[in-house]
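Visitor: Residue-level listing of the chains:
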Amino acid sequence: MKRGIAGSMESNDALITVKESDKLSVTVKSIVYDFFHEQIEKVIYDTLAERGIGNVEVICEDKGALDYTIKARLLTALDRMEG
Amino acid sequence: MKNALNRYVPEGYVPFESASAYKNKERKLIAPKKTSEGYETLGSISDMFDRLQIKDGMTLSFHHHLRNGDFVLNMVCEEIKRRGLKNMKLAPSSVFPGNAILAELIENENVTKLYTDYVNGPVADAICAGKLKELCEMHTHGGRPMAIESGALHIDVAVLGVPAVDKKGNGSGFSGQSACGSLGYAVSDLTYADKVVFVTDNIVDRIDNPQLDGKYVDYVLKVPAIGDPSGIVSGTTKITKDPVGLKIARNAAQLLDEIGLIKDGMSMQTGAGGTSLAVAYYVRNRMLEKGVKGSFASGGITGYFTDMLEEGLLDELYDVQCFDLKAVQSIGRNAAHHAMSGSKYANPFDDNVVDKLDFVILGATEIDLDFNVNVTTDSHGKIMGGSGGHSDTAHGAKVTVITTNLVKSRMPIIKEHVTTVTTPGEDVDVLVTERGIAINPRRTDLLEKLRNSRLPICTIEELLETAYGITGRPEKPAVTDVPVGVVVYRDGTVIDTIYKTK
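Protein chains in written order, with our numbering: chain A, 1 to 83; chain B, 84 to 585.
Check before you lean on any hint, since a few could be wrong.
Claimed, not checked - 25 Å max Cα-Cα, derived PhoX-like pairs, lysine-lysine:
(1) Lys63/A with Lys498/B
(2) Lys559/B with Lys29/A
(3) Lys481/B with Lys330/B
(4) Lys491/B with Lys63/A
(5) Lys29/A with Lys491/B
(6) Lys330/B with Lys63/A
(7) Lys305/B with Lys138/B
(8) Lys559/B with Lys42/A
(9) Lys559/B with Lys63/A
(10) Lys42/A with Lys491/B
(11) Lys29/A with Lys498/B
(12) Lys63/A with Lys324/B
Stated by the list, open to error - So, partial list: chain A residues that the calculated Cβ filter (under 10 Å) puts toward chain B:
(13) Ser11
(14) Phe36
(15) His37
(16) Asp62
(17) Leu66
(18) Asp67
These are calculated hints, taken from the structure and not from any lab test. Just so it is clear, CB atoms sit at the ideal spot from N, CA and C, and this is done for glycine as well.
This is chain A alone, in the form it adopts within the complex (with noise of 0.2 Å):
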């Protein structure tokens, strides 16, 4: 199975690893959940979009990271998988 992982567990990164899969299921953790999960699901449901991915496991572990580095980490994480 192929994945790739990009960030880091620091304050203010996140940690997001994909891998692939059959169907699109997004799983967030994050420091500021209860604040921000939507904005957080939103960044990756429409940065997946941009790419024109439909199914794939996204695990994404948030400390507390702003959205671009969020989409910079995906979008990384995503060329490791298909590299």
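Take the given structure of chain A and dock chain B to it, following the hints.
Guide: Relative to chain A, chain B alone:
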């Protein structure tokens, strides 16, 4: 019932009116405890419980000068557990993660009431989970001595860790294997508790000018160690290396200069956090450039201030608690480095030091559009600290400056309303962040002085929008309406309620 800040106040408590409401009240003093010559010696903690007849429902008090290295509170907790005592009330001036055993006692209802100025770690978690049977009362460092001297907080037995005790029972924190410097928070307990026990690991022949007067001491217990020196004081406290923190500190120092506070005779206090110390560093540089000499610094004292004293930049230090090893060494050596009591520091009814401060630099977990500050809970409402001297110094100082990052791990520090009010906005004057500086609109005098300033001054509403632009708008977390604690303002009124977390 609601208080003046529209916060709920549980039944049986007096609602907060304003920061200066105490001025219309009379100081209430109970009789100090009886004095005696000499003291009796105890053989063990167990012997102390027997001889003092410590039983269910009693109130025992402690100081936190041994900080996270403290053994004394834990030793007493072990004995409460061993004896299976119930409904004990504890009044430690602060509680640290090292006091985990107290969480167990709370869960098992050995301890059902807690009075403290600051709590984090497992005990805070137990309170937030609703395990403490009665409401936790969170005082300020100045409010605690006021509560004790007025009889509002009655102490059956004060069990005080003391790093050096002499043959007359006099106590000092300046020397010994567990030296921690000033013992300021122990003084009210010593003076007003029904019975006082000193627990020490160091008996000496004689202490000159002791901070704790032996005439109030009933018993002395010698143990192998009252604390772990590595947890008692940090070796050194250091200024931040974070460029964001340094920028905030530079701008804060610049602002203090522009409003005319860096001048001969100036007085100040800062916390021991990295950014606060950086402000002290930049202020010191300004003082050197301008050839200015200050009158005093107060509070928890660090090596930065003892250096300033020894360099002749400050005339005196008023020290309620030493934060690092350099401060401990200085207090025993420098005559102008004075140990002071918690009451002398910040009791609203005492001739206190905070009222003489020109400025104080403080932190915030949250600050809202009314400039109310929270340092008691996080944004989930979970307890992670407490006022300590926050609201005392904010009220006393002529100018109160909050320094903080605008955003920490995606959380905007500015809120429309803080989760928990620790310090009322009427006492908070300036907020310095890396993205701009907001002045409380009440301070028209400061706004006037800063009219031509090149500092990035804006409104707090603008700063909030800037923060939301970076993070997005946070959703409101789910909370319960079950009170687990009250934030007691320094005058004894309740400024806010703390709720059980989900």
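Visitor: All hints are to be evaluated individually against the structure, with a verdict given for each.
Guide: To see whether the hints hold, each was checked on the structure:
Straight-line distance between C-alpha atoms of Lys63/A and Lys498/B comes to about 20 Å, which keeps the hinted pair within the 25 Å bound. Taking the CA atoms of Lys559/B and Lys29/A, the gap is near 17 Å; set against the 25 Å cutoff, the hint holds. A hinted pair counts as satisfied when its Cα atoms are at most 25 Å apart, and Lys481/B with Lys330/B qualifies at roughly 24 Å. For the given pair, Lys491/B sits about 10 Å from Lys63/A by alpha-carbon distance, which is consistent with the 25 Å threshold.
Restraint check for Lys29/A and Lys491/B: the C-alpha separation of about 18 Å stays at or below 25 Å, so the hint holds. Only pairs whose Cα atoms come within 25 Å are accepted, and Lys330/B paired with Lys63/A is accepted, the gap being roughly 24 Å. This hinted pair checks out: Lys305/B and Lys138/B have alpha carbons roughly 22 Å apart, not beyond 25 Å. The suggested pairing of Lys559/B with Lys42/A holds, with an alpha-carbon distance near 18 Å, which does not exceed 25 Å.
Restraint check: the Cα-Cα separation between Lys559/B and Lys63/A comes to about 19 Å, which is no more than 25 Å; the hinted pair holds. Distance check on the hinted pair: Lys42/A and Lys491/B sit about 21 Å apart at the alpha-carbon level, within 25 Å; holds. For a cut-off of 25 Å, the pair hint linking Lys29/A to Lys498/B stands: about 23 Å separates their Cα positions. A distance of roughly 21 Å separates the Cα atoms of Lys63/A and Lys324/B; the hinted pair therefore holds under the 25 Å criterion.
The beta carbon of Ser11/A comes within 5 Å of a beta carbon in chain B, closer than 10 Å, and the hint placing it at the interface holds. The beta carbon of Phe36/A comes within 6 Å of a beta carbon in chain B, closer than 10 Å, and the hint placing it at the interface holds. At its closest, the beta carbon of His37/A sits 8 Å from a beta carbon of chain B; the interface hint therefore holds under the 10 Å criterion. Below 10 Å, beta-carbon pairs count as interface contacts, and Asp62/A has one with chain B at about 8 Å; its hint therefore holds.
For the restraint placing Leu66/A at the interface with chain B, the shortest Cβ-Cβ distance is roughly 6 Å, inside the 10 Å limit, so the hint holds. Given the 10 Å rule on beta carbons, the hint for Asp67/A holds: about 7 Å separates it from the nearest Cβ of chain B.
Checked against the numbered hints given earlier, this structure breaks none of them.
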